[in-house]
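Chains X and C are the protein sequences, given in the same order.
For what it's worth, our numbering labels the leading residue of the first sequence as 66, then goes sequentially.
For what it's worth, our numbering labels the leading residue of the second sequence as 66, then goes sequentially.
In short, the hints are calculated from the structure, not lab data.
Everything hinted at is true.
It does not matter which identical chain is meant; a pair holds if it fits inside one copy or across any two.
With a Cα cut of at most 35 Å, we get these calculated DSBU-like pairs of lysine-lysine:
#1 Lys92 <-> Lys273
#2 Lys202 <-> Lys346
#3 Lys202 <-> Lys92
#4 Lys313 <-> Lys273
#5 Lys92 <-> Lys313
#6 Lys113 <-> Lys166
#7 Lys166 <-> Lys313
Everything numeric in this text was worked out from a predicted model, so none of it was measured.
So the chains spell out like this:
Protein chains: 2
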Amino acid sequence: MTQTDFTHWANQQQLHIEQVLTQRLPKAGTAPLRLHDAMRYAVLGGGKRVRPLLVYASGAICNAQPAAMDVAAVAVELIHAYSLVHDDLPCMDNDVMRRGKPTVHVEYDEATALLVGDGLQTLAFELLSGELGIGGKAQLAMLHALAQASGSHGMVGGQAIDLASVGQALSLPELEQMHIRKTGALIRAAITLGRLCGNTLSDEHSAKLDHFAKCIGLAFQVVDDVLDAEASSATLGKTAGKDAANDKPTYVSLMGLKQARQLAQELEADALASLAIFGDKAQRLSQLAQFIVSRSF
Amino acid sequence: MTQTDFTHWANQQQLHIEQVLTQRLPKAGTAPLRLHDAMRYAVLGGGKRVRPLLVYASGAICNAQPAAMDVAAVAVELIHAYSLVHDDLPCMDNDVMRRGKPTVHVEYDEATALLVGDGLQTLAFELLSGELGIGGKAQLAMLHALAQASGSHGMVGGQAIDLASVGQALSLPELEQMHIRKTGALIRAAITLGRLCGNTLSDEHSAKLDHFAKCIGLAFQVVDDVLDAEASSATLGKTAGKDAANDKPTYVSLMGLKQARQLAQELEADALASLAIFGDKAQRLSQLAQFIVSRSF
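So that you can see chain X by itself, here it is in the shape it has in the complex:
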């Protein structure tokens, strides 16, 4: 498969997930109007949809049910979107731009942005507990994995550590612990949810897939730090160089730019090696890993 082929697949999947998100979000014009309008604003029309792509690519390994993958992809993306809305609030990062448009609290107001985040999180669990057409045991495992990845031992916990780390000298292991929770946990959950939509894997295969997930979750954050250090506001679509301005510890501030780039490449190699066991079925996952590490936006 060529790069062109991957780009075509990713574009098709991005269009598809946009369609599914549009269908699954509260309809425009339904009460409460402003809340539902703002929920759609927060989710639709932007983003690379990396987590949904991971759900589909992971599901491809085990012949997963397309309808169940759609719901899993939506649920993971809603959790991601809610975290961005809350993260942008004045009491957190106080960001005014996101994906090239005003953040939710700027476009609407703070109270609405708070409720948008709350409601998007709930919607993720509402959809994932609806009719999926797969076994109840797998469905409960999906719900549990998503909740564990999102909560105080996962994403929310990572945000709390991030908050406490501003201006602090973190060690590399501490930085890694923060990112495993803040970004890594949800990326890992996306891959777990994709897998749970399909045929059960052997313990060995599951372990390999989960190792891939952990490597790629960490690589994602390392690349983010590299991009933040390198990028201009124009290409990133959000206020760039903010980490340094906010005195936040990053892989770049701790290791330097060159070493951070090298770490991303090592994590990518480790991730790709653990896909060998799956042969051709892991081609999308492998291409996605390369895309995540080499992305420039």
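Dock chain C against the given chain X, drawing on the hints supplied.
Same frame as chain X, now just chain C:
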């Protein structure tokens, strides 16, 4: 059963739920320290635990599994607690006192309060998707009912309508729609979750129980409005008379105090009548309904 007997039962259940909440919340002293400390501060050591009591009383109707009811009770209370933490934030009601102590954003800070609410909501779904020892279908139904009650068509939607209603002239049906979502939905969910922990009820019995739940959910809010109008800060433990000060429409502002009290009593009578079909098994639910309407705190 006497009033003394009910008070004894309620006190025992309140002590029990406090113990279960203490066990199920993230342990004190585990990372991230400040977040976990604040999550425990937000939930423990206060509150009437009306929603957990409703779970247990509803479960008593259908011989529900005690262990499953514990988790359901915790999940519903965590959703309630998260909504209070976010509702108290400066961009919402800007309350500084709750249950006789400083609100979370006052005791900690706004960013922590935001993450506390986020994490408590996630924890509710994490616990409810764990091992409950009941059938997977009933468990998924519990998750779905709790999510529907909490989201943009339920509690969060009610908050959004509440927000938009400040200074607005609402009609009585509009006020009712707001409260059905804001308070009623979660109370109704508590009763549904208790039922789902036990033997399946007939359609007729389920409908009667759900009618009870709807009446009592609305009565709860009417009584809240009456108490807000009557109470002093000292007895309520929060800043009282705030509704009027904030120019929020209430049952009292729309109907007058006397009519609002009468409405609460009518709803109580309607609720109690629909319990007749259950005989003695509904005694706790019936006593709880009377407690909710006659409470003075």
